[in-house]
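All chains, please: the whole structure from these sequences, using the hints.
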Amino acid sequence: MTQRMDDAFAATRAENRPALVTFVMAGDPNFDTAKEIVLGLPDAGADVIELGMPFSDPMADGPAIQAAGQRALKSGQDMKKTLELVRQFRAQNSGTPIVLMGYYNPIYIYGVDQFLADALEAGVDGLIVVDLPPEEDEELCLPALNKGLNFIRLATPTTDDKRLPQVLANTSGFVYYVSMTGITGSALSNPTNISAAVERLNKHTDLPICVGFGIKTADDAKRIGANADGVVVGSVLVSAVEDGVAANEQPSQIAARVHKIVRDLAEGARSSR
Amino acid sequence: MTSTANSLRQGPDEMGRFGMFGGRFVAETLMPLILELDEAYKAAKADPSFQDELDYLNKHYIGRPSPLYFAERLTEHLGGAKIYFKRDELNHTGSHKINNCIGQILLAKRMGKPRIIAETGAGQHGVATATVCARFGFPCVVYMGAKDVERQAPNVFRMKLLGAEIIPVTAGQGTLKDSMNEALRDWVTNVDDTYYLIGTAAGPHPFPQMVRDFQSVIGRETKEQMMEAEGRLPDMLVAAVGGGSNAIGLFHPFLDDKDVQIVGVEAGGKGLDGDEHCASLTAGKPGVLHGNRTYLLQNYDGQIDEGASISAGLDYPGIGPEHSFLKESGRVEYVPIMDDEALEAFQLLTRLEGIIPALEPSHALAELVKRAPKMDKDQIIVMNLCGRGDKDVFTAAKHLGVDLEQ
Chain V
1 MTQRMDDAFA ATRAENRPAL VTFVMAGDPN FDTAKEIVLG LPDAGADVIE LGMPFSDPMA
61 DGPAIQAAGQ RALKSGQDMK KTLELVRQFR AQNSGTPIVL MGYYNPIYIY GVDQFLADAL
121 EAGVDGLIVV DLPPEEDEEL CLPALNKGLN FIRLATPTTD DKRLPQVLAN TSGFVYYVSM
181 TGITGSALSN PTNISAAVER LNKHTDLPIC VGFGIKTADD AKRIGANADG VVVGSVLVSA
241 VEDGVAANEQ PSQIAARVHK IVRDLAEGAR SSR
Chain D
274 MTSTANSLRQ GPDEMGRFGM FGGRFVAETL MPLILELDEA YKAAKADPSF QDELDYLNKH
334 YIGRPSPLYF AERLTEHLGG AKIYFKRDEL NHTGSHKINN CIGQILLAKR MGKPRIIAET
394 GAGQHGVATA TVCARFGFPC VVYMGAKDVE RQAPNVFRMK LLGAEIIPVT AGQGTLKDSM
454 NEALRDWVTN VDDTYYLIGT AAGPHPFPQM VRDFQSVIGR ETKEQMMEAE GRLPDMLVAA
514 VGGGSNAIGL FHPFLDDKDV QIVGVEAGGK GLDGDEHCAS LTAGKPGVLH GNRTYLLQNY
574 DGQIDEGASI SAGLDYPGIG PEHSFLKESG RVEYVPIMDD EALEAFQLLT RLEGIIPALE
634 PSHALAELVK RAPKMDKDQI IVMNLCGRGD KDVFTAAKHL GVDLEQ
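Top line first, the protein sequences correspond to chains V and D. Each residue of the first sequence is one higher than the one before, starting from 1 at the first, in this note's numbering. Each residue of the second sequence is one higher than the one before, starting from 274 at the first, in this note's numbering.
Worth flagging that the hints you see were computed from the coordinates, not collected in a lab. Just so it is clear, the structure is predicted and the values come from calculations on it, not from any experiment. Any given hint could turn out to be false.
List of simulated lysine-lysine pairs, DSBU-like, C-alpha gap at most 30 Å [what the hints assert, rightly or not]:
#, chain 1, residue 1, chain 2, residue 2
1, V, 80, D, 558
2, V, 203, V, 147
3, D, 647, D, 531
4, V, 74, V, 260
5, D, 558, V, 147
6, D, 315, V, 162
7, D, 531, D, 318
8, D, 318, V, 162
9, V, 162, D, 332
10, V, 74, D, 420
11, D, 332, D, 315
12, V, 74, D, 543
13, D, 433, D, 496
14, V, 74, D, 558
15, D, 558, D, 543
16, V, 81, D, 558
With the Cβ distance kept under 8 Å, some of the chain D side facing chain V (calculated, not the full set) [said to hold, decoys possible]:
#, residue
17, 301
18, 440
19, 444
20, 447
21, 458
22, 462
23, 575
These stretches of chain D come out as covered by chain V in the derived footprint (C-beta under 8 Å, 3 or more residues) [to be verified]:
#, stretch
24, 286 to 298
25, 304 to 310
Glycine is no exception: its CB is placed at the ideal position from the N, C-alpha and C atoms.
Spelled out as structure tokens, the structure:
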């Protein structure tokens with residue numbers, strides 16, 4: 001499983017460009033539309049897909065991703081269906097890594113062992129669980145690593161040099177650098193600070209460093225991608241879903257909106273070096 | 274009293290766990306802040322000058338110790354055990370909430386974090402927080418569900434008078450749990466100067482321990498006052514649990530006194546069969562929310578349900594982790610009381626003792642009304658009368674079919 005992730009970053013490194021990591025919410029605004037969106041992401045230029053596991057109380061997310069989770073839950077999305085979405089994607093795409101991202105409770109209630117077994121079987125490559133810091137590694141991180149799933153950790157501006165080794169210790173796949181203190185979808189912080197932070201992280205790990213929180217435009221992707229191994233975009237994509245829903249669009253039209261933005265962002269990222 | 278290996282008062286451990294409950298389930302951005310808070314709290318606890326200042330303010334600002342009152346007429350009426358009330362409703366601002374706020378604001382001051390944020394449901398914790406912020410000259414931001422802002426206009430005005438900024442929360446369902454999410458989002462954004470003054474004995478470690486310690490003044494005083502009044506410990510303690518801070522404050526000093534029976538009372542709302550209740554311990558199951566593992570109202574998929582209760586102060590789908598531990602250990606018995614039972618108890622106390630209780634302790638009172646008659650006359654119950662009912666007269670009137678507008 002780690003292989004698919006390693007291959008993806010080896011490929012973007014070989015092309016001397018940052019990876020484009022795209023976040024969309026599973027089941028937003030419903031299962032079929034989300035499936036159409038996800039299936040088209042690799043062709044639009046996504047190198048890694050982060051798939052949100054909807055949760056009723058997303059404490060680290062801004063309004064756009066909160067709303068996406070609520071739309072998904074309202075349409076009947078649950079963990080079983082999220083894993084089913086991965087399974088159906090994997091049936092058509094064997095190369096693009098999928099990372100499930102969300103909060104711990106739905107996994108805890110599903111049952112950690114069962115979840116890990118089903119996620120592996122479905123074709124998941126890694127997990128990002130926002131509310132599991134290294135202090136709680138025994139809950140899910142260590143069991144996931146044992147089973148061969150990547151556990152991707154967030155490093156933040158508040159993670160100082162003293163704490164960094166602890167944060168990186170059980171991290172695999174890539175490191176997700178949160179560009180600011182704040183919630184998803186806020187304004188981007190100063191690119192100079194971000195590239196300094198990426199440099200600092202590079203001193204501590206050989207893992208790829210992907211930067212997220214606040215990247216919205218092709219220009220953002222270009223600037224941030226100049227110094228990072230990858231850029232993560234999310235809020236701008238789920239906002240496109242929201243717009244499509246508001247305009248009463250068909251699934252294919254909503255998917256097209258998202259894919260268009262991804263193509264722009266991919267172009268930005270590819271021109272960053 | 275003594276610390277032995279078997280003591281139930283040892284928790285939490287270094288990981289912030291009470292048995293399997295508690296912990297530090299927070300985003301990485303907050304983790305360094307939680308660790309800093311833990312260090313700061315340990316240092317404060319070891320510093321006699323911190324305790325001196327807390328004692329001084331407890332006495333002269335809050336008005337502690339609160340009386341332990343023998344409810345003679347209620348005792349006579351129920352015809353069983355002797356009933357005492359720990360009268361935390363007489364505190365400054367009208368409830369036990371201030372005990373915690375005064376402790377935490379001293380800690381915030383010590384840590385050099387002058388911007389205070391808080392969540393509130395009905396507004397009692399918001400008022401107590403705005404009060405201590407006014408007293409110390411700190412800016413105060415209170416997150417409150419948009420619906421609650423409408424329903425609790427007097428408390429909103431009170432907070433504004435005290436200088437607080439109220440931010441109505443429309444995210445999610447716009448309830449107490451959403452206000453807590455919003456406060457956490459604020460904290461994650463403003464990490465340098467902000468102190469999150471959490472209102473109950475829940476959240477990531479060290480909050481559950483810290484809030485319990487500040488509230489334990491209730492139980493410590495009760496022990497002393499009981500010895501003075503009766504020369505012995507009570508047979509039973511009863512308190513209402515929402516998040517559980519007043520209850521853990523009363524219970525904790527008694528946990529190792531095996532002969533003292535302890536009962537926590539949850540909001541049964543309109544009954545446990547439907548989804549209109551807040552009985553996390555009776556009807557929920559363990560999960561992870563707001564930084565800790567504890568009993569939660571949730572669905573099959575781990576999505577958090579909304580609670581419902583006549584009492585806004587009990588309207589939270591979770592519960593402090595130490596209560597989850599005490600439930601599983603069997604030390605404390607947790608039972609639900611329905612809205613209409615609480616409302617009846619509310620009126621009973623008002624007429625028999627001339628005390629209008631808040632709807633939260635009215636739940637505890639309704640349980641006491643069931644139990645006292647079955648006990649011997651030489652037995653003793655202490656109930657925490659944790660808040661006064663002035664804030665609830667409009668709700669009570671509405672439920673009793675009285676139109677105050679006319």
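For each hint, the structure was consulted:
| no. | hint | verdict |
| --- | --- | --- |
| 1 | 80(V) - 558(D) | 20 Å, holds |
| 2 | 203(V) - 147(V) | 28 Å, holds |
| 3 | 647(D) - 531(D) | 20 Å, holds |
| 4 | 74(V) - 260(V) | 26 Å, holds |
| 5 | 558(D) - 147(V) | 27 Å, holds |
| 6 | 315(D) - 162(V) | 21 Å, holds |
| 7 | 531(D) - 318(D) | 27 Å, holds |
| 8 | 318(D) - 162(V) | 25 Å, holds |
| 9 | 162(V) - 332(D) | 42 Å, violated |
| 10 | 74(V) - 420(D) | 21 Å, holds |
| 11 | 332(D) - 315(D) | 23 Å, holds |
| 12 | 74(V) - 543(D) | 25 Å, holds |
| 13 | 433(D) - 496(D) | 37 Å, violated |
| 14 | 74(V) - 558(D) | 22 Å, holds |
| 15 | 558(D) - 543(D) | 20 Å, holds |
| 16 | 81(V) - 558(D) | 23 Å, holds |
| 17 | 301 | 5 Å, holds |
| 18 | 440 | 14 Å, violated |
| 19 | 444 | 6 Å, holds |
| 20 | 447 | 12 Å, violated |
| 21 | 458 | 5 Å, holds |
| 22 | 462 | 4 Å, holds |
| 23 | 575 | 3 Å, holds |
| 24 | 286 to 298 | holds (count 4) |
| 25 | 304 to 310 | holds (count 3) |
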